[in-house]
Every structure is written in structure tokens, then in C-alpha cells.
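Place chain C on chain P using the hints.
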Amino acid sequence: MTRFLVRRILLTIPVLIGIVFVVFVLARVIPGDPCRAALGERANATVCNAFNERYGLNEPIPVQFGIYLQSLVQGDLGTSIRFNRPVADLLIERLPLTVELGMYALLIAIALGVPLGLLSAIKRNSIVDVLTMLIANLGVSIPVFVLGLLLQFLFAVILRDTFLGLPPSGRTVAGAPLVPLAQAWGLQDLGGPLRGLLDFFSNMYTINYLLRFEWNQLLDAARHLILPAVALSTIPMAIIARITRSSLVDVLGHDYVRTARAKGLSGAMVVRRHAMRNAMLPVVTIIGLQLGALLSGAVLTETIFNLTGVGRTLYEAIIGRDYIVVQGFTLIIAIGYVVANLLVDLSYAYLDPRIRLG
Amino acid sequence: MTSSTTVLEPTLGVASRGRLRETVRALLGQRSAVVGLAILFVFVFAAIFAEVLAPYPAEGAAAQLVRPGEPGRRAESCIHILGCPADQPETIFGTDGNSRDVFSRILFGARRSLIIGFATVGLAIIVGTTIGAVAGFAGGLIDNLLMRMMDVVLAFPALLLAIVIVTMIGQSLVNAMMAIAIVAIPVYARVTRASVLSVKEQDFVTASRALGESPVGILTRRILPNALTPLIVTGTLGIASAVLDVAALSFLGLTEIGIAEWGAMIGSEFNGIFSRPLIVLAPGIALTLTVLGFNLLGDGLRDALDPRLSR
Numbered sequence: 342m343t344r345f346l347v348r349r350i351l352l353t354i355p356v357l358i359g360i361v362f363v364v365f366v367l368a369r370v371i372p373g374d375p376c377r378a379a380l381g382e383r384a385n386a387t388v389c390n391a392f393n394e395r396y397g398l399n400e401p402i403p404v405q406f407g408i409y410l411q412s413l414v415q416g417d418l419g420t421s422i423r424f425n426r427p428v429a430d431l432l433i434e435r436l437p438l439t440v441e442l443g444m445y446a447l448l449i450a451i452a453l454g455v456p457l458g459l460l461s462a463i464k465r466n467s468i469v470d471v472l473t474m475l476i477a478n479l480g481v482s483i484p485v486f487v488l489g490l491l492l493q494f495l496f497a498v499i500l501r502d503t504f505l506g507l508p509p510s511g512r513t514v515a516g517a518p519l520v521p522l523a524q525a526w527g528l529q530d531l532g533g534p535l536r537g538l539l540d541f542f543s544n545m546y547t548i549n550y551l552l553r554f555e556w557n558q559l560l561d562a563a564r565h566l567i568l569p570a571v572a573l574s575t576i577p578m579a580i581i582a583r584i585t586r587s588s589l590v591d592v593l594g595h596d597y598v599r600t601a602r603a604k605g606l607s608g609a610m611v612v613r614r615h616a617m618r619n620a621m622l623p624v625v626t627i628i629g630l631q632l633g634a635l636l637s638g639a640v641l642t643e644t645i646f647n648l649t650g651v652g653r654t655l656y657e658a659i660i661g662r663d664y665i666v667v668q669g670f671t672l673i674i675a676i677g678y679v680v681a682n683l684l685v686d687l688s689y690a691y692l693d694p695r696i697r698l699g
Numbered sequence: 047m048t049s050s051t052t053v054l055e056p057t058l059g060v061a062s063r064g065r066l067r068e069t070v071r072a073l074l075g076q077r078s079a080v081v082g083l084a085i086l087f088v089f090v091f092a093a094i095f096a097e098v099l100a101p102y103p104a105e106g107a108a109a110q111l112v113r114p115g116e117p118g119r120r121a122e123s124c125i126h127i128l129g130c131p132a133d134q135p136e137t138i139f140g141t142d143g144n145s146r147d148v149f150s151r152i153l154f155g156a157r158r159s160l161i162i163g164f165a166t167v168g169l170a171i172i173v174g175t176t177i178g179a180v181a182g183f184a185g186g187l188i189d190n191l192l193m194r195m196m197d198v199v200l201a202f203p204a205l206l207l208a209i210v211i212v213t214m215i216g217q218s219l220v221n222a223m224m225a226i227a228i229v230a231i232p233v234y235a236r237v238t239r240a241s242v243l244s245v246k247e248q249d250f251v252t253a254s255r256a257l258g259e260s261p262v263g264i265l266t267r268r269i270l271p272n273a274l275t276p277l278i279v280t281g282t283l284g285i286a287s288a289v290l291d292v293a294a295l296s297f298l299g300l301t302e303i304g305i306a307e308w309g310a311m312i313g314s315e316f317n318g319i320f321s322r323p324l325i326v327l328a329p330g331i332a333l334t335l336t337v338l339g340f341n342l343l344g345d346g347l348r349d350a351l352d353p354r355l356s357r
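Residue numbers (the working numbering), protein chains in the order written: chain P, 342 to 699; chain C, 47 to 357.
It is possible that part of the hints are untrue.
Covered stretches of chain P, going by a simulated chain C footprint (3 or more residues, C-beta under 8 Å) [unchecked claim]:
(1) 391-398
(2) 641-647
If you only want the chain C side, here are some residues facing chain P, beta carbon under 10 Å, derived [to be verified]:
(3) Met214
(4) Asp291
(5) Phe320
It is worth saying that the hints were derived from the structure and are not from the lab.
Remember, predicted model here, so these are calculated numbers, not experimental data.
Built from N, CA and C at the ideal position, the CB exists for glycine as well.
Only chain P is shown next, with the shape it has when bound in the complex:
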């Protein structure tokens, strides 16, 4: 297992180097003048020259890449052209929201999708199966932004004054204070990556409130997250339900399952002890692949629910030609991809001994 682990982790290094290169090139092929995009009316030859000088945009592209690599190695992601702030700061401020949102969305998707798929497979061709697959089909068909708006309309307009009412947008009720964890725990003097990490978790509102035992505010933050998280979860949920169903149907047709039945095991026992583990392999793969769908969905969800997360920031950076932000954010996302795939592979090895031993 250790050898498998080491080999698998080493294999991600060339992939990461490739990603750094592709991301750099991709950020440069967006045409348009970052100076004009950032300064608008105020842009003229003199100002833009100074601007390009400042952000190193006058250098030839290969030199820019060299400088980029050099600062990356030093852990510097550069400074945003439009916000005039370090990209790392923007990430610490905005990534937590998207991570939080994506995490809850994925939890909802798994918690609903897997049982729905199992139920559907066990009661194949029953009314339960037909209904579940109809829900799954609707789930992949309804656009994230339409579902988001529909949820807003239902829970923030129609049910507004009932106990089911939910806030339509934002992260907390207006004016609710967010005390950074560093401040709450008297760690203001902490610096470096540890401080960054602490601030990162501090900006996930539900975690912040949970760690500070602010139950009312925790409830408020959670209530704000419900609608966007549900909107974001439907596509992964529907996909997980479909894969779970077809995978379990497939496994239930195998000889060893018939043997288990012939031994006299009950249906539930056969599924739980014999079929589940094998049926879960494709499900795990597909869960790992949902990261991309979640990110694409985050751009739309954050737009609808007026949230400033990675999706929205990246979208605005692409439109506004903020190369440095596009580079930095895409790189972090790509690393997230690689890590997710690594986790999927590791869970394979856990579920299927042939992989780690072979």
C-alpha cells in the first residue's frame, strides 16, 4: 500500500508542471489589453507604460514565464491587476465560500443520490424506480441557474413568512459580524502559511461559527447556504443516483451474488455484505469527477445568489483580463482536480485489493 501511495503521489508531479505551463499560456491567449481593461477611461500611453512596467507585462512572454515560475516556487501567486491586492489574499478571502458551498452540495448529492440509486436498483421497474429515474432525469435537465431562481422564488418569496422561509441571497443577515478566528483566539501575531490556513478556515462561515460556539449565527449562515447548496447539488445528485443504480443492477447479476442468495442470505444482507462494495467503485469515480461540474456550477450559483466566491471572481477576472488572478485561481483549481483524482485512486485501492497489489 505504501509503495502504491508513493508511486501515485510522484506521478502527480509532472501533471502539476504541465498544468502550470498550460495555465500560463491560457491566461496569455486571452486577447485584449489588461491596462485598458483595468483603468478604462484613464488609460493612455504614458499611464499604460508605467502600468505594464509595474506588472512586468513589458517583458517577452518567455521571460514572464520565468519570472512567474520563480515567484511560484517562492509561494508568491502575484498581485491582482484590478484589485491591486495579492492573489493569495484574494484566494484566502474567496476560496473558502466556494469550498464550503461545494462541500455541502457534494454531501447533499451523495446523501440523496446513493440511497435513491440503491433503492431504484433493488426495486427495479417498480413505481419507486420510475419516479427516482424521473427525478434523476429532471436533475440533469434543469439548468443550475433556473433551479436557483426557482428555489429563491419558492423559499424566499412564496414561503417567506412561514417557518420554511429561507434568505434569498448573501452569506449572513446584514450586519452580522464575522470575527476572524485569529482575533477570537488571540493569535493576531501569527504569520506565514499557518496564519493563511487559519484565515482560510475562518472565512468558511459555518466552520468559524461552529468553532466559536455561536449557535445562532451558525444557524443563520447555514440557512443562507441551503438554497445555493441545493441548487448546486442537483446535477451531481442525479448523476450519482444513475450510476449507483446501473452499477448495482450490474453487480446483482453476477454469479457470486446468486451464490450468496443460494446460501440463503436475505436480500438486504446480499446487497450490504456482497454487492455494495463492488457496486461502489464506479460511484466513487463519478464522485471524483464532479469537481468540474461543481466549479462550473459555482460560477452560475454565485451569480444568482450574489456570493463572491471563486467562480464569480474567476469569471470577472477572465472578462477583465486580470491575467494574474486567472493564473493563480486556475492553478489552485487544477491542483484541487489533481488532489481529488489522487483521493479517488486511493479509495479505489482501498475498495479493490487487486489495484494496490497488482
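Chain C in isolation, oriented as in the chain P frame:
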């Protein structure tokens, strides 16, 4: 060619016609396909007869239902027999922020969405099939090179990559369709390559090679027809996601302003959800139903064409 083909060809024709009839019968036996077809029929009808069905124009100055000089505004639906004052223009779903009839725009939007779906997937299939067929047929270095390129495209979140592409080539509906087509190419390349690999070494291919058929002939006449089934299924499901993805781009404002496209209609009016929900939800429901129709049809096609996959 030889006399054997003249004997073979007619029988082949009969066989494929019989197969088509069989496929249609199998398809109509699929519940999901029938529901999907029924939904799509409504939208195809709306798309074809939009001029006749729509009470007002959908785009441009003529679409504005207010007198010159009067500011455009969102309005509730207004139906005369339900008590709406007779001096106001009659609208089923109300008017948007530019005083345009939402119902008319949805009808014309159906035409646009169907064209988007077919054109986008058509382009992706043409390019993707070519890449996949060449990769599978040539093998070796060319195969590796082409398929790794496809992997790179797949490694990025589809919508974000499409946003970058649209920003690169300029913001418009056609460019949004191009971007979504580019992002979808790897799917068709993979499907085609897999089919090519599975039949490439079979005896009938070796036979036509022995008969002196050119590589292009072998590819187009012997191999590609065998890849048709998975391509039709993937393509139908692909139309669903193409309609969805182009709508997402135009929701974000990456297409022309004011066009009668469902995504753009939702994008420019979504703040109205709190005051005039129909303006936003009506195009949203149309979009969802169209996508659902293609998804159901695709599922049904898969079950009908490939009995191994059916329940």
C-alpha cells in the same frame, strides 16, 4: 467494382430499411423516448411556426410594446377576458424590462435553442469523429498525440474553458456555440475511436482492404457506419448539454444584448424573480423541458439501439 457488390448492395439496402423500421418500433416501445419525443414535438412546432404563433415580434425596436418616448418596463401578464383593461396590449407571461412580450420571445427562443443544439453538436461531431477516426485508424504516435490533446481539453471545467474561449474569440451567440462545440469535441473523438478500434481488425475490414479499397473508403464505408449507433446516442444526449451550456454562457451575458434566447432572457431579468417571477421562470421552464426532452430521447435511443444496456 466486382459483380459481388451489385449482388450485395440491394440486400444490404433491404436489411438496413428493415433495421430502421425495427429501430423505430423499439424506440416507440421505450416510455422515456415517447415522452421525450412528445415534449420535443411541442417545441419543434413552436420553432417552425413562431411567426404565426407569436402575437408580437421578439427582437429589435418593433418588439417594444410601448409608444415612442415612453420608458420600457416589466409588466404583469395581461389577458383581456380575465379583466385586463382593453387599452393595454394583451400578453400571456407579461413583458420584460424592455416592454417586450415574453411569450413571443419564448416562441422565437425555441427556434434559436433547437438550432443551437443541432448546430453545436453537429460541429462537435464532425470535428470529433474526424479526430477519433484518424486516431483509431492510424494508431501509434498520431493516436497518442491526438488523444492526449483531447485529455487536456477534458482536464478543465467545461464551462470555465468555454468562457475563456468566448473571451478569446469575441462575445456573441455564434462564438458561444463554437466554444461549447470545442469543449464537446473530446467526447465524440473518444466514442468514435473506441468504435474504430473495435472493428478495425475484423474480417470484413481485412477483406475490403484485400479487395484494394482505399483507406479513406474503408474508413467511411466500412468502419464509420459501425460507429453510428454510439454516435447517435451520444449526440442526442449531447444536444441536451449543448443547449444547457450555451444557455449558461448567454445567461452570463456572453452573447449579444437583447436577443430572444432563453438563457439571455433569464440572465437580463433574473432580479425580477422577486416582483415578476413569470418573466424569469417561463423561459426557464421552456429551457428545462427542451433539455429534458433530448435527455429522455437519448436514454430511449440507447435502450432501443443497444439491447445489452437495457434493463
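The hints, checked one at a time:
no., hint, result
1, 391-398, "violated (count 0)"
2, 641-647, "holds (count 3)"
3, Met214, "holds (6 Å)"
4, Asp291, "holds (9 Å)"
5, Phe320, "holds (6 Å)"
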